[in-house]
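Chemist: Model the placement of chain D on the given structure of chain E, informed by the hints.
Chains as they are written, first to last, in my numbering: chain E, 1 to 294; chain D, 1 to 294.
Please keep in mind that the hints were generated in silico from the structure rather than gathered at the bench.
Errors might be hidden in some of the hints.
Since copy identity is lost for identical chains, a pair holds within one copy or between any two.
[What the hints assert, rightly or not] In silico DSS-like links for lysine-lysine, alpha-carbon gap of 25 Å or less:
hint	residue 1	residue 2
1	45	103
2	278	45
3	278	127
4	127	204
5	25	103
This one's a predicted model, so the numbers in the text were calculated from it and none came from an experiment.
Protein chains: 2
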Amino acid sequence: MELKHYMKQICHQIDGALADLLPAKEQRPTQLHQAMHYSVFAGGKRIRPILMAASCEAVGGDIEQVISAACAMEMIHTYSLIHDDLPAMDDDDFRRGLPTNHKVYGEATAILAGDALLTQAFITLAKPNPTIDATTQQRVLEIMAQAAGAAGMVGGQIVDMEAEGQTPNLETVDYIHRHKTGALILAAIQCGALLGGADRKTFKDLTCFGESAGLAFQIADDILDIIGDQDQLGKDIGSDQQRGKATYPAVLGLEVSQKKMEELHQQSLNSLSSYGAKAEPLRQISAYIINRST
Amino acid sequence: MELKHYMKQICHQIDGALADLLPAKEQRPTQLHQAMHYSVFAGGKRIRPILMAASCEAVGGDIEQVISAACAMEMIHTYSLIHDDLPAMDDDDFRRGLPTNHKVYGEATAILAGDALLTQAFITLAKPNPTIDATTQQRVLEIMAQAAGAAGMVGGQIVDMEAEGQTPNLETVDYIHRHKTGALILAAIQCGALLGGADRKTFKDLTCFGESAGLAFQIADDILDIIGDQDQLGKDIGSDQQRGKATYPAVLGLEVSQKKMEELHQQSLNSLSSYGAKAEPLRQISAYIINRST
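Isolated chain E (complex conformation) (with noise of 0.2 Å):
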């Protein structure tokens, strides 16, 4: 398996379905809807979805399962960027090397745009699917609420806010990182499992992996950073520092950090030990994430 091809073929499909999922850019109100669609084609790369899709493979599932959810979940991981990007909140004016959305509509449209999307999220995992019985479609968006509620993302957010210029501590930076990042992330993970058929035993080994792998999404993150090309990244580098934001390097250093999340890693792949071929591109996007250079 090549995980680049893999990775492509995914991005593809989501990208042809979120079009779809998404209110058309020429219907009323198309401020509104331009808003959405730019954020959500801004050149992310997928790395949920990938990771749902993923996991519905390694319980034996097929990716035609996960397509919508993935889409929900992209929506949801547009939305907190948006909002994150806000001058009220981080006040970044490019992500990806673009103008963030509300440099280009407006801090109230960014808001809208933000909202709707999160509520397009809803809409599109309530929506009957034949091909998924009705418990598991119930379990999937409450995972995916969950997630992304108080209880999760913006959990982490606020946290995250609260911590900037305090002196950062262990327990504040796992918490921050596990809810920010790390309850998408395992969302993804579980609903990909959920959704390819996974038992229970299936769906606690998937869970480990989520937990790890999406922990050490997040100190990678924090070392590139510090150590990323910033023209790769296509923003600057250093921010986190100059900011005072709580991250592992700030807390444990940059070595110790790296250490950690190969051990996270590690610990990723050791859940997926008895799956063999099925969880292959699972592992490679393990490694991916942290040997990643954007």
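Modeler: For chain D alone, coordinates are given in the frame of chain E:
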């Protein structure tokens, strides 16, 4: 039936359930949870939950069946008020006589509290409910999400903002009102009917009721902004006109708007003509909506 008593009783039930369904204020992240509680318990009249309960009763259902969906509806309504009040949107300092969410907690927390409330609504709607069959639960969630999103409330809000300061026309005012306020009111009535066990014909009747009542509600709001009592409303009178908001009175004048509102009220009553005593609460609330002073 005494309407005041009926409304008070449902408010009491809804408030109790909301307190249980929101994350505890003492729990981390406390700032976020406190901000969520603050606006949910800031003196809202619970019009949408009451309409949902009365709609459920009109089709022969039991109020118990709507409680959690009615709470979800109120969370969605509250999130929309928090975001509407933000400096980048309507920039309001007071609502119902209290400082708005961002005035108390700051803009960033207000944005996140709104995001978390919207998400909490879907967590609430997705929770397995042994008294509601899975298909009804899925339909209720889908109706609410559609009503809240780009094709509903958020769409109405953006067209409302775009129209500010422009010469308003009836088509635009109608679009704004049917989407910004009407969609959620209609959804409350439709979900009440579904949760009460409505068949196809009953659902259609209640939909007709909801369309008329929803528009009448917003025209009443426009009129109150001109002739209401500032102290009772807890907000400034005449603010729509000052901002050049697209309202019915701005397009049709006060007198014609009042006539239109009364016609819609009569239409809403006609939709319930065959429903006898069961629909009495719904009829009385419809009258209350257009005669209220706050």
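Chemist: Which of the numbered hints are not met once you compare them with the structure shown?
Modeler: Structure breaks hint 3 only.
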